[in-house]
Each structure stands twice: as C-alpha cells, then as structure tokens.
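Colleague: So the chains spell out like this:
2 protein chains.
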Amino acid sequence: MFENKSKSSIESLGEFKLIHHLTDSFETNQKNTVVGIGDDAAVLDSGEYFTLVTNDLLIEGVHFDFSYSPFKHLGYKAVAVNVSDIVAMNGVATQILVSVGLSSKISLEAIEEFYMGVKAACEKYNIDLVGGDTSSSRSGMFVSVTAIGKVQKDKLVRRKGAKVGDLVCVSGDLGAAYTGYQLLEREKRIFLENPSVQPDLEGNDYILQRQLKPEARVDIVEILDEINVLPTAMIDISDGLSSELFHLAEHSEVGFRIYEDKLPIDPTAFQTARDLGLDPTICALNGGEDYELLFTVSQLDYDKIKSNLDITVVGYCTEKIEGVQMVSRNENLYPLEAQGWTSFKG
Amino acid sequence: MFENKSKSSIESLGEFKLIHHLTDSFETNQKNTVVGIGDDAAVLDSGEYFTLVTNDLLIEGVHFDFSYSPFKHLGYKAVAVNVSDIVAMNGVATQILVSVGLSSKISLEAIEEFYMGVKAACEKYNIDLVGGDTSSSRSGMFVSVTAIGKVQKDKLVRRKGAKVGDLVCVSGDLGAAYTGYQLLEREKRIFLENPSVQPDLEGNDYILQRQLKPEARVDIVEILDEINVLPTAMIDISDGLSSELFHLAEHSEVGFRIYEDKLPIDPTAFQTARDLGLDPTICALNGGEDYELLFTVSQLDYDKIKSNLDITVVGYCTEKIEGVQMVSRNENLYPLEAQGWTSFKG
Numbered sequence: 046m047f048e049n050k051s052k053s054s055i056e057s058l059g060e061f062k063l064i065h066h067l068t069d070s071f072e073t074n075q076k077n078t079v080v081g082i083g084d085d086a087a088v089l090d091s092g093e094y095f096t097l098v099t100n101d102l103l104i105e106g107v108h109f110d111f112s113y114s115p116f117k118h119l120g121y122k123a124v125a126v127n128v129s130d131i132v133a134m135n136g137v138a139t140q141i142l143v144s145v146g147l148s149s150k151i152s153l154e155a156i157e158e159f160y161m162g163v164k165a166a167c168e169k170y171n172i173d174l175v176g177g178d179t180s181s182s183r184s185g186m187f188v189s190v191t192a193i194g195k196v197q198k199d200k201l202v203r204r205k206g207a208k209v210g211d212l213v214c215v216s217g218d219l220g221a222a223y224t225g226y227q228l229l230e231r232e233k234r235i236f237l238e239n240p241s242v243q244p245d246l247e248g249n250d251y252i253l254q255r256q257l258k259p260e261a262r263v264d265i266v267e268i269l270d271e272i273n274v275l276p277t278a279m280i281d282i283s284d285g286l287s288s289e290l291f292h293l294a295e296h297s298e299v300g301f302r303i304y305e306d307k308l309p310i311d312p313t314a315f316q317t318a319r320d321l322g323l324d325p326t327i328c329a330l331n332g333g334e335d336y337e338l339l340f341t342v343s344q345l346d347y348d349k350i351k352s353n354l355d356i357t358v359v360g361y362c363t364e365k366i367e368g369v370q371m372v373s374r375n376e377n378l379y380p381l382e383a384q385g386w387t388s389f390k391g
Numbered sequence: 046m047f048e049n050k051s052k053s054s055i056e057s058l059g060e061f062k063l064i065h066h067l068t069d070s071f072e073t074n075q076k077n078t079v080v081g082i083g084d085d086a087a088v089l090d091s092g093e094y095f096t097l098v099t100n101d102l103l104i105e106g107v108h109f110d111f112s113y114s115p116f117k118h119l120g121y122k123a124v125a126v127n128v129s130d131i132v133a134m135n136g137v138a139t140q141i142l143v144s145v146g147l148s149s150k151i152s153l154e155a156i157e158e159f160y161m162g163v164k165a166a167c168e169k170y171n172i173d174l175v176g177g178d179t180s181s182s183r184s185g186m187f188v189s190v191t192a193i194g195k196v197q198k199d200k201l202v203r204r205k206g207a208k209v210g211d212l213v214c215v216s217g218d219l220g221a222a223y224t225g226y227q228l229l230e231r232e233k234r235i236f237l238e239n240p241s242v243q244p245d246l247e248g249n250d251y252i253l254q255r256q257l258k259p260e261a262r263v264d265i266v267e268i269l270d271e272i273n274v275l276p277t278a279m280i281d282i283s284d285g286l287s288s289e290l291f292h293l294a295e296h297s298e299v300g301f302r303i304y305e306d307k308l309p310i311d312p313t314a315f316q317t318a319r320d321l322g323l324d325p326t327i328c329a330l331n332g333g334e335d336y337e338l339l340f341t342v343s344q345l346d347y348d349k350i351k352s353n354l355d356i357t358v359v360g361y362c363t364e365k366i367e368g369v370q371m372v373s374r375n376e377n378l379y380p381l382e383a384q385g386w387t388s389f390k391g
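One line per chain: the protein sequences are Y and S, in this order. Positions in the first sequence are counted from 1; adding 45 to them yields my numbering. Positions in the second sequence are counted from 1; adding 45 to them yields my numbering.
Hints listed in this document are in silico derivations from the structure and should not be mistaken for laboratory results. Watch out, some of these pointers could steer you wrong.
One copy or any two copies: either way a pair holds, since identical chains are not told apart in the list.
What the hints assert, rightly or not - In the EDC-like style, the derived pairs of lysine to aspartate or glutamate whose C-alpha atoms are separated by at most 20 Å in a straight line are:
| id | residue 1 | residue 2 |
| --- | --- | --- |
| 1 | K169 | D69 |
| 2 | K258 | D355 |
| 3 | K62 | E382 |
| 4 | K62 | E154 |
| 5 | K76 | D90 |
| 6 | K76 | E93 |
Here chain Y stands alone, though its shape is the one from the complex (with noise of 0.2 Å):
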C-alpha cells in the first residue's frame, strides 16, 4: 500500500530537518502552551511554575545492542537520558512514564532486570513512575520514555538567549561514551569470530560506564542555582558537541568559536581512542550520547565559575554570520559541520 520511492528523502533530510518538516504547519492555540516542538522539552505554564514534558524513544539496533547492554543498565539509561532533557530546561524532573515493546525473544528476568534499571533511576532522581504502557513487538524492543518536570519562571533556560561575548561552557567531559561504545563494538566482532576469546575491557570502566549508565547533570544545575548563575542558553549533549553547538547558534542567532584545547576530554577517553585508531578530538565533537550540559553564561560570571573543576569554559559566542568555528591546537580556524567534522580534517 505504500511505496518506499521517497526513502532516500527521509534519509537526506535527517532527524531534526524531518521533524521540522513534518510539523511546521502545527499551529498552538492552548494558551497554557509556553514552548511547543524545538526546545529539549516543551513548556506549559501551570500557573506558579512552569511544566516541562519531553519524550524519548530508545529502540533495539539502533540506540541499544542487547549483545553488551544489560538490561538493567538499559531502564536507568532510558530514565537518565530523558532527565537530561529536563536538566537542560534549567529543571527538576518529577515524573516518569516508561513504556516498553517487547519481542517474543525476551524473558521475564530480562524485562524484571529492566525495570529495576528504572526503578534504581527513579530512587537516584527521586521521581516517581506514574505511568506508561507495555505491549508485544513484531520484532525487537523499544522503549519510549516521557519524563514531566517542573522550573521556577524566572529560571527557564532555553536554546535561545545566547549572546555575542557569552561565555560557552561544558559539564564534566565529553568523547568517554562513544570511545565506551567503540571499544564494546571492538570486543563484539571479535567474539563474533571468536567466541572462546574473552572481552578485554579490563581498566576501562569509566568509558564503559558513560556509555552503558549514563547520568543526567541534576548537580550542575543545582551548582549553578548555589552560586547565582543563570545560563543564557543550554541544551544537553546528546548528539555531539558540534551538533549542539549548532542547535544553540540557530536558536539563539549567534555564533560560535571554541578551542580545541579546551575541550575537557578524559584520560581513559583520549588514550582508548588512540589505541582504536580514532582521533580524540573527533570523539569529543562528534561522539554524542555523554549527557553533559552545553551552556552559555555572561562574561559577568566567569569569576562564579572559574574555580569549578566540573565546568570548562570551551570559548564563546560570537556574531551569527561567523558561524560556528574551533581554533585548532595549532591556531588555525576550521568551521565545524553538525554531523560530521570532515571539512576540518580535509
């Protein structure tokens, strides 16, 4: 009934060009409705707060490999990665409901594990599951994760209100998870072709742990509220700097020009890239799924956060028709590419 002739449409649009596309005639008429589709989560006003509701899916073969990722590992991620969203609101997530498509193939233990995952997620957030449904698959399991939080009015942040001279800043480190996840698709292959041979993840923990449990920054926001920082803009790292980096450019109209070496990037996370051939830079970029806060503040504001092992200043914000650019370790200035990096290696 339905021909695949536009595929490759799809394909070349991508993830955000398609939700754009497919929902740009959507009007807003509720009046409650604050932000609709474009932000980390939506916004509705409740009257003395704000609502925030953001949804995530996470499906088999694609976000997950049930060859490496636990279940239980698998319910805290689900959880975590979409308390992130609401983190980057400048939120507190509240509620949680996890619905879940299971195939044929998986057992009772193994969804049991899974919602101990969520369970140990929600006691760790201290949210509340309140709902979700479940039902069988055809093929393969899926999650689909709705997180609800709630901001102070005065303390949302957005991925618009970035400002020319703003200071760009990251939470913790980033390139560990994809390095993590690199590493877990080097010992599958070779199990693949060699099942007597046992994983060598041994001293890589760390990398291991950003990529499987991954969790979302609710103390940085909490630091920041301690010590009067409001950022201008935030989003969370999901898919990559780079890709976040041009998020915050387009929504705030500004660019933006960060140093490559000031990207906090992990000891563990820089050598097990090295080994894999891989450059850690590029991990850093491009690699996504570290659930770090991207986030702008004044210049004003440097003196709060100068001293904060866990917040990096990476650059700053310049004007729109700049673009968004990296001075390299040898001071030269590429433009960077939201998907990819390849014009910088060129």
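Dock chain S against the given chain Y, drawing on the hints supplied.
Modeller: Structure of chain S alone, referenced to chain Y:
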C-alpha cells in the same frame, strides 16, 4: 545474552498483571503525584487544577496493519485513543507529544500522511502538538503518543468510586470497531489469495470508520457537565466492555450485573457480525477499540440521563462478592470473564 525460557511467563501474566508485577515495588515520593500507575492517566497536582498525563503505544503488526490502515487514519487514531484516556478521567486534553519509529520501508509521503492525520486530530480536539521524537526502526513502524490534559480538582473521575446500586452506563454503541476489523481481515485474506478481487466493503462505512478512525467521546464529558452529572467511576472502552468492567470492579470493589438486551449494538455491526459467523454480543463484550466511555452514576441521576440517546444504562453495581455477571436474553445469569466469554458459551 538473554534466554527466552520465561517467554511463557510473560504471556501467561497478560498485559495488566505484567505491569502490576513489574511496577508493584515502586513508590511515589513527589508531593504533587496524586494518582500514579493504574488508572487511565496519571494525575498530578498543579495547584489550581489537576494535570493528567497518559502514554500509549501503537505497533505495526500488533495494533495496525498497513494492508488496510491508511497512514492518515493511523495518525488520527494515535491521537484519538490517547485523548480518550484523558476524557476517561473526565478531563480535557490540551497537548500531545508524538514519537515515531520508522522502518526503512516507509516513504516520506507516507509519514507526511501520518502527520496530516495527527494534525486533523489536533484540530478536531483542539490540542497542541508540543514535542516528540523521530527515529529509524529496524523493522516495522511504531507510534508512542503522550497526551496531557487538565481537570478541575472536584471533577476528577477515577476507576474507583462506583458504589453498590449505581447505574452502569455506556456511551454510543459497542462492537462496531471489532466487526470492522474482522471485515478488513476477511477482505485482506481474499485479496492475498486472489489479488484481482476487489474488496467488498460497500455499505460498511460506519463500522470501518469505527475501526480505522475512532473518536474520543469528548462530547459525552461535556454533556454530563452540562446536565450536572458527575460519574462515580469511569474508564474508556479500549479492550472491550467485559475487560473494562473488571477494571472498574477491581478498583471500586464492587460487582456488576449487566443485561444482554440492553447492550447498544449498531444494526450494521450486528448484521456484519452475523454474516461473519460471530455472536454480536461477544463482539460488544470483548471486541474492544470502540473508545466509548463506560461509567457509573448515582441512581439519583437517572432522570438527568434517561432521555439522552447517546447514553445507555446497561446494568447496575452489585456487591463485590457477586462478581461481574450478565443476564442473557433468555434471562439466565452468567459470570463474565475479563479476557473472554468462554464460560458463558459453555
């Protein structure tokens, strides 16, 4: 990494017991969580009113079949069935988030059609699309919709609250969606056996529409409000009247006695069921997907509802110990079953 030794355990538990089994140990700690898992929607305290949140999955090969379900209808239905859950709490839907997993078989035109259906439903129900996620899927399409709504605090209606002696009411008619589904399945089989035969669907617009493009009964909630009737308990009929009666019975701790000759069955649905060799009563009891409302009202409200052609009193609430029973046309009393009707036919 996982085995399917307990596959049968999941199947034997069934969807409702599975969710209960998996989430039983979860606690709610947020002070604005009013109702968590177990009703048609979660209820959150938003100060002046209650916020309602619900999430449902629709999965290709389980909930829909592209052999006969047009993409536009699917988009409409995905929204309508979630609005129906908000309506079942006596609420008004205000926003939705729509997430889709797309297999590589699906064309851009098809997904555009799907969103046209979503848009038509948003306009029909006056709700804003405020978010969602789009991802590739390894096989098949699935849809996850989160609906958000609100209800005045003194107007919330739950699954619990029905009292012995209350009247049991059903909106609209029952069984049409299921007979529509059976008709489409028959024509699909004939088409697969002989592709030159054109489907014979003439004169069946109503029951086909009930299956392919159901509506949420927003109008019933409005009417009840106008005539000043607050149901004592309510649920929407997604899995069949029988199954929903058991949910109300469990939550309200009552029994039910309903009358076969009172069941509202559309004449086309009745005749089609007969033509297909099905018992129309079974279609009405167990067919499901009618998305009508099942609710209980005080006997004192009978005069207010008796003249409404779209509301049928089908029985009354009994003591819990009597269970869920039906008085047949020949005036015998049979116990109903949640998932089927085998004992009645035995």
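Colleague: A separate judgement is required for each hint: does it hold in the structure or not?
Modeller: Results for each hint:
no.	hint	verdict
1	K169 x D69	between (37 Å within a copy, 18 Å between copies)
2	K258 x D355	within (19 Å within a copy, 52 Å between copies)
3	K62 x E382	within (15 Å within a copy, 49 Å between copies)
4	K62 x E154	between (39 Å within a copy, 15 Å between copies)
5	K76 x D90	both (8 Å within a copy, 19 Å between copies)
6	K76 x E93	both (15 Å within a copy, 15 Å between copies)
The structure is consistent with each of the numbered hints, conforming to all of them.
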